[in-house]
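J.: The chain contents come next:
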Amino acid sequence: MGARVERLRASLIGTPSGTLLNLVGFVVVAVVAIATVQRVYQGGGTYFFQTIGFGLAQGAIFALVALGYTMVYGIIELINFAHGDVFTLGAFISLALMPLFGLTEGSISGLQIVLPLLGLFVVTMLLCALVNITIERVAYRPLRHAPRLAPLITAIGMSSLLEGAMNVWRGPFNLHYPSFLPEFQIQLGGGVTIAAKAVMVIVIAVVLMIALTLFVNRSKLGKAMRATAQDRDAAQLMGIDINRTISATFFIGAALAGAAGIIYGLYYNSVQAFDGFTYGLYAFTAAVFGGIGNIPGAALGGLLIGVIFSISDGYFSVAWTQIMIFAILIFVLVFRPTGLLGMRVPEK
Amino acid sequence: MVRTRGLGVLIAATFVAFACGGTSTGGSSKGEIVIASDLPTSGADASSGLPTQYGAAFAVSQMGTLKGYTLKFTPFDDAVNGKHDPTKGAQNVQQILSNSKVLGMVGPFNSGVAAAEIPVANQAPLAMISPSNTNECLTLAFDYCQKYAGYTAAGLRPTGKNNYFRIAANDTFQGPAMGDFAYDTLGLKTVAVWDDQEPFGLGVANTFSAEFTKKGGKIVVRQGFDTTSKPDFHTWLNRAKTAGAQGIYAGATSASYGCLARAQSQGIFDPATSYYLGPDGIGDGQCITDSGAMASDKMYASQGVADAESNPTAATTVAAYKKAHPTAADTGAYTFAGYDCAAILLDAIGRAIDAKGGNLPSRQDVIDQMAKTSNFPGLTGTYTLNSVGDPTKPALQIQQYKSGAWSTVKNIAVTV
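Chains A and B, in that order, are what the protein sequence lines are.
Residue 330 in this note's numbering sits at position 256 of the first sequence; the count goes up by one each step and never skips.
Residue 101 in this note's numbering sits at position 121 of the second sequence; the count goes up by one each step and never skips.
Just to be clear, a hint being listed does not mean it is correct.
[To be verified] According to the in silico footprint, chain A covers these stretches of chain B (three or more CB under 8 Å from chain A): (1) 197 to 210; (2) 213 to 221; (3) 246 to 258; (4) 266 to 273.
[Said to hold, decoys possible] To give an idea of the interface, some chain A residues facing chain B are shown, with a C-beta separation under 7 Å as derived from the structure: (5) Y121; (6) Q124; (7) F128; (8) E179; (9) P246; (10) H250; (11) P252; (12) S253; (13) E257; (14) G265; (15) A269; (16) D315; (17) N343; (18) S344.
Simulated from the structure, these hints should not be mistaken for laboratory data.
We put the CB at the ideal spot given by N, CA and C, even for glycine.
Whenever a hint applies, use it, and build me the whole structure from the sequences.
T.: Quick look at the structure:
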């Protein structure tokens, strides 16, 4: 890996045109950085924290979905295109289950929602997980030793299948998703406030991510997952049940996506059958950004993309946001192709 | 002598018989005339398209027969995945044209769809009359049309002649009408504006901003959102709040997330004190559903036609319609405009039949008569159509969301 980066750097810096491009690149980056700092300063403390807050909230949802992409790629080197749709399915399922938990908009608020919402999360996450392990068993496991393109196309097909199913179930148009997030502002001191809505999203996501990290690092199944990701044959030789481990990866990834679906619904108040497609693209980008296969990397990638989104929306213009995100992504990958925290894929 | 007189009587009697034979013999009809419609009647746009279709259908069924011809109404849906789709609209027009009994169509609802349909209908030709198209570039020439709308009025008419008519006030009136209302009636001084980057939304957002600023108000932040995917409004809404916006103007439709910004304002704006304004695109039931708990009586929308229910001469028809359609959702802002469009079309067809001595007119005959529509007493206003297809005295209304429904608060008559 290092040699490749070195060769890239050499090719960029070594030639006169490379040096010029480098210079231009640095000037552009410097100008944008200075402009950002200047505007942040002009906007004031409260506005900055508000903006960062919304950015982290957006990023936290990206992170939860990115984790599913990164874990699956890390263990079987498959880009699970259907993952974004499992995330949408989570939102759809939770919408359908809401009446069962007494969660109707306007009639319930404050601390009363905590227990029903918790119940909703558990059931939705479980159902999404079950759907995903079924998908894995039916569509991906039979193709585990097939040429790479076969599972890839199957994943794309699964994505369309899920979108179609949701389209048939609830129709193609936007569904209103109620908001049970708090409406007040949290005082951070010195007159600076941050929306409790954003904080709530960040807190739920962080709790789930911490739970995942503890599981992967401390539990036996987590150790099996890490071992399988590192070297599948060796893991099998050590007596690890590969099929069960891979299924567990899909299970956990989907549970996180299901939770993300609920949070997405609560935060954006609208879900639609085809949302997962674009959203999944951003989440996968985040996973690659942080380092594919790398769990903390996916979390970092997601949060960073969310923050870039928000800073661009808040200090510049929404029209520049996509350019900013992908320019930064390309910039980082040119100098660090393995992503911010490095890749973690099976050793060959 | 006697035989010649008898022959004369016989010949005269034959003439009389032929003359009398021209009129229908009561029971049998002379044929069928079909009125078609093309509106978005499924998905998010259905809350505006479907009630309009019902209005047009009601006009046709109320009349039943026209000068001896049986009337039939054939509706078409131009929504794809819940949103009005220009390509689908053009396909629908092709299908409508293939039925030779169709002499005219009501619709479409959306200006973007009209831009795709007018050239197709123009070449046939087939009379079109829209209850709600508001983009000024469909009939008028402005130098920004090609750039912002993507088309010009002349470009939409390959034959060089006009076949398209409408009764709605064009956008050059909707934005400023709300701008005036926001400043004068609501007393707002600072507003944040966003648009959905589509010709209609961008147009009304621009004209609203220009008028509001001209009156002395300030647009504190202005932003375009790419609504091909779901936008995250939070950061921008916060920016608007920080800049001191008393309200937000959404240059959008419900299908392009028009009222999602209202829902996402939760925690940023207080629904009881912050205003949400928009064009007819957000004045429907879908907007209220999308707003969720943030829907309040501070939401206002303009509509490109006047309110039929404040017109005393329309009372009987309105009541008859409501009896036939008791569900509240079946009466929308453009229901009676849909009715008027169908009625104007039928009136033109009637005059064309007369001009042809009782025979079936051609589609071009109907178009010629449409252009001669003068002082037609409609439910939503009295209409005289000019040669480019616009009403000479367009009317607008401002609606407020109050007690669970959009209701008219102000009718505005514009003198062109």
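J.: Quick check on A269 of chain A please, does its C-beta sit within 7 Å of some C-beta on chain B?
T.: Where the cut-off is 7 Å and the nearest Cβ of chain B is about 5 Å from A269 of chain A, the hint holds.
J.: Does the CB of P246 of chain A sit less than 7 Å away from some CB of chain B?
T.: This interface hint holds because 4 Å falls under the 7 Å limit.
J.: Three residues or more, CB to CB closer than 8 Å: is that satisfied between the region 197 to 210 of chain B and chain A?
T.: Answer holds; 6 residues pass the 8 Å Cβ test.
J.: Report holds or violated for chain A covering the region 246 to 258 of chain B, Cβ cut-off 8 Å, minimum 3 residues.
T.: Result for this restraint: holds, n = 3.
J.: So, as I understand it, the hint says F128 of chain A touches chain B; can you test that by seeing if any CB pair is closer than 7 Å?
T.: Result: holds, 4 Å to nearest chain B Cβ.
J.: Is the interface hint satisfied for E257 of chain A? The criterion is a beta-carbon contact with chain B at less than 7 Å.
T.: At 5 Å from the nearest chain B Cβ, E257 of chain A passes the 7 Å test, so the hint holds.
J.: Going by Cβ atoms only, is D315 of chain A closer than 7 Å to chain B?
T.: violated (40 Å)
J.: The hint names H250 of chain A as touching chain B; please verify it with the least Cβ-Cβ distance against 7 Å.
T.: holds (5 Å)
J.: Holds or violated: is the Cβ of S253 of chain A closer than 7 Å to a Cβ in chain B?
T.: holds (5 Å)
J.: Holds or violated: the hint that G265 of chain A contacts chain B, with Cβ atoms closer than 7 Å.
T.: Because about 13 Å separates G265 of chain A from the closest Cβ in chain B, which is outside the 7 Å limit, the hint is violated.
J.: Holds or violated: is there a CB of chain B closer than 7 Å to the CB of Y121 of chain A?
T.: holds (5 Å)
J.: Confirm or reject the coverage of the region 266 to 273 of chain B by chain A under the rule of 3 or more residues with a beta carbon closer than 8 Å to the chain's beta carbons.
T.: Our answer is that it holds, as 4 residues pass the Cβ test (under 8 Å) against chain A, meeting three.
Hints 14 and 16, counting from the list given before, are not met by this structure.
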